[in-house]
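Enquirer: Given next are the chains, with one letter for each unit.
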Amino acid sequence: MGRIAANQDFLEFAYQLYHTMQANEINLVYEGVVTQEITRTFTALTEKNMVKAEESNQVQRKVFNVMVECLQNISKHADAMSDDENEERRGIVLVSHGEESYNVITGNVVKRSKREGLEKSLQKINSLDKEGLSALYKQQIKEGHISEKGGAGLGFIDIAKKSGNKIDYQFKDLTDDLCFFILITTISRN
Amino acid sequence: MEVINIKGTDDTPSVTMDKDNGVFLIQGRSLPEDVTLFYQPILDWITEYGNQTNDHTDMTFKLEYFNTASSKVLLDVLLKFEEIKNNGSDVTVKWCYREDEEDIKEAGEEYEDIVEVPFEYCECDEDWNIK
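Respectively, the protein sequence lines represent chains A and B. Numbering of the first sequence is given in my numbering, commencing with residue 52 and proceeding in unit increments. Numbering of the second sequence is given in my numbering, commencing with residue 880 and proceeding in unit increments.
Among the hints, erroneous ones may be present.
Said to hold, decoys possible - Some residues of chain A that are not near chain B, with every Cβ distance over 12 Å (derived):
1) His70
2) Gln73
3) Asn78
4) Gly83
5) Ala95
6) Asn100
7) Arg141
8) Arg166
9) Leu179
10) Asp180
11) Gln191
12) Asp209
13) Phe231
14) Asn241
To be verified - As a list, the in silico BS3-like pairs of lysine-lysine whose alpha-carbon atoms are at most 30 Å apart:
15) Lys99(A) x Lys898(B)
16) Lys898(B) x Lys103(A)
17) Lys941(B) x Lys171(A)
As the list claims (entries may be wrong) - Examples of chain B residues lying across from chain A (beta carbon under 10 Å, computed):
18) Thr915
19) Glu999
20) Glu1002
21) Asp1006
22) Asn1008
Please keep in mind that the hints were generated in silico from the structure rather than gathered at the bench. Even glycine gets a Cβ: it sits at the ideal position worked out from N, Cα and C.
The following block holds chain A by itself, in its conformation from the complex (with noise of 0.2 Å):
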């Protein structure tokens, strides 16, 4: 009896988050670890998914540019729940689409002594336009090195300039350490 219970359960909530991601047109959910793999999968799926919308060049190839900085975020940048450091970086990913515009929405855990860094950077992205992000932009790519973890501390700058929106953000607190980022990119479809 348990069984069958627990199994109508599951089944309610499958049924519920088919309804909610039609209801939210959302195209694509995903949570778990985020490889160069998850990346090239997702964004052929979504490119595919435009074309048979119809979606204009220029909108497919802003969405395909902002999926691969957030879901390459995520692989490089992701902290761990645990302590161990070789845990891999997962996150969660959702794209959705509606009359207007795609939404690119990521999140993962991060240290909560990184917040204060990314928000300070976040606040200075989203507080310049066109010009003063192609200026930062080309300031970042002659000082910036190649990280370790193989960045070149460009991403947000490329999210919102190709974008051409304002990056929304939010922090979570999770425990005494760590919190969860959410990111949030809109990219208009006219």
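Place chain B on chain A using the hints.
Expert: Just chain B now, with coordinates in the frame of chain A:
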């Protein structure tokens, strides 16, 4: 000099570095997992080429997409050619972009602002034929 001839994949570009035939080309998508691993041999090749350059070098880029880590390494490639130019050799960057892909053109213009090498912009069709 030995020839570099790398076939492109979904996340790495095709690369040709051929001194004898005067072909210097990076084409396609660049979002490798490890940019240094992919580009270091190319950077090393250009360093060596700097010691024995042709009279003229056309470095051609036909990029469809590149991630930010690649953009940093592509700047390193361009800086190598700037050095070659500063040593008295004639270098032109041919920056190709497909029609409607203005973001790629703009990326070229940003590089042009940073690097002291003449840029030529070429608008191409879907199959990279120059229009």
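Enquirer: Each of the hints needs a verdict: does it hold here or not?
Expert: Status of the hints after comparison with the structure:
The non-interface label for His70(A) is consistent with chain B: the shortest C-beta to C-beta separation is roughly 34 Å, beyond 12 Å. With a least CB separation of 30 Å from chain B, Gln73(A) remains clear of the 12 Å interface cut-off, as annotated. No beta-carbon of chain B comes within 12 Å of the beta-carbon of Asn78(A); the shortest separation is about 20 Å. For Gly83(A), the shortest C-beta to C-beta distance to chain B comes to about 17 Å, beyond the 12 Å cut-off, and the non-interface label holds.
Separation of Ala95(A) from chain B is inadequate, the least Cβ-Cβ distance of about 8 Å not exceeding the 12 Å criterion. Residue placement check: Asn100(A) keeps its beta carbon more than 12 Å from all beta carbons of chain B (closest about 17 Å). Separation of Arg141(A) from chain B is adequate, the least Cβ-Cβ distance of about 17 Å exceeding the 12 Å criterion. Against chain B, the non-interface label of Arg166(A) holds: every CB pair exceeds 12 Å, the least being about 22 Å.
Its beta-carbon lying about 15 Å from the closest one in chain B, Leu179(A) satisfies the requirement of being farther than 12 Å from that chain. Non-interface call for Asp180(A) relative to chain B: holds, since the shortest CB-CB distance, roughly 15 Å, exceeds 12 Å. Gln191(A), annotated as away from the interface, has a beta carbon of chain B within 12 Å; the closest lies near 9 Å. The Cβ of Asp209(A) sits about 5 Å from the closest Cβ of chain B, inside the 12 Å cut-off, so the non-interface label is violated.
Non-interface call for Phe231(A) relative to chain B: holds, since the shortest CB-CB distance, roughly 24 Å, exceeds 12 Å. With 12 Å as the threshold on Cβ separation, the claim that Asn241(A) sits away from chain B holds: the shortest Cβ distance comes to roughly 15 Å. Our distance criterion of 30 Å between C-alpha atoms is broken by Lys99(A) and Lys898(B), whose separation comes to about 39 Å. For a cut-off of 30 Å, the pair hint linking Lys898(B) to Lys103(A) is broken: about 43 Å separates their Cα positions.
Pair hint Lys941(B) plus Lys171(A) does not hold up; C-alpha atoms about 36 Å apart against a cutoff of 30 Å. The criterion of a C-beta within 10 Å of any C-beta in chain A is met by Thr915(B), whose closest approach is roughly 6 Å, and the hint holds. The closest approach between the C-beta of Glu999(B) and any C-beta of chain A is roughly 20 Å, which is over the 10 Å cut-off, so the hint fails. Here the hint on Glu1002(B) is broken, as its CB sits about 14 Å from the closest CB of chain A, past 10 Å.
This hint is violated: Asp1006(B) has a C-beta 15 Å from the nearest C-beta of chain A, more than the 10 Å allowed. For Asn1008(B), the shortest C-beta to C-beta distance to chain A is roughly 18 Å, which exceeds 10 Å, and the interface hint is violated.
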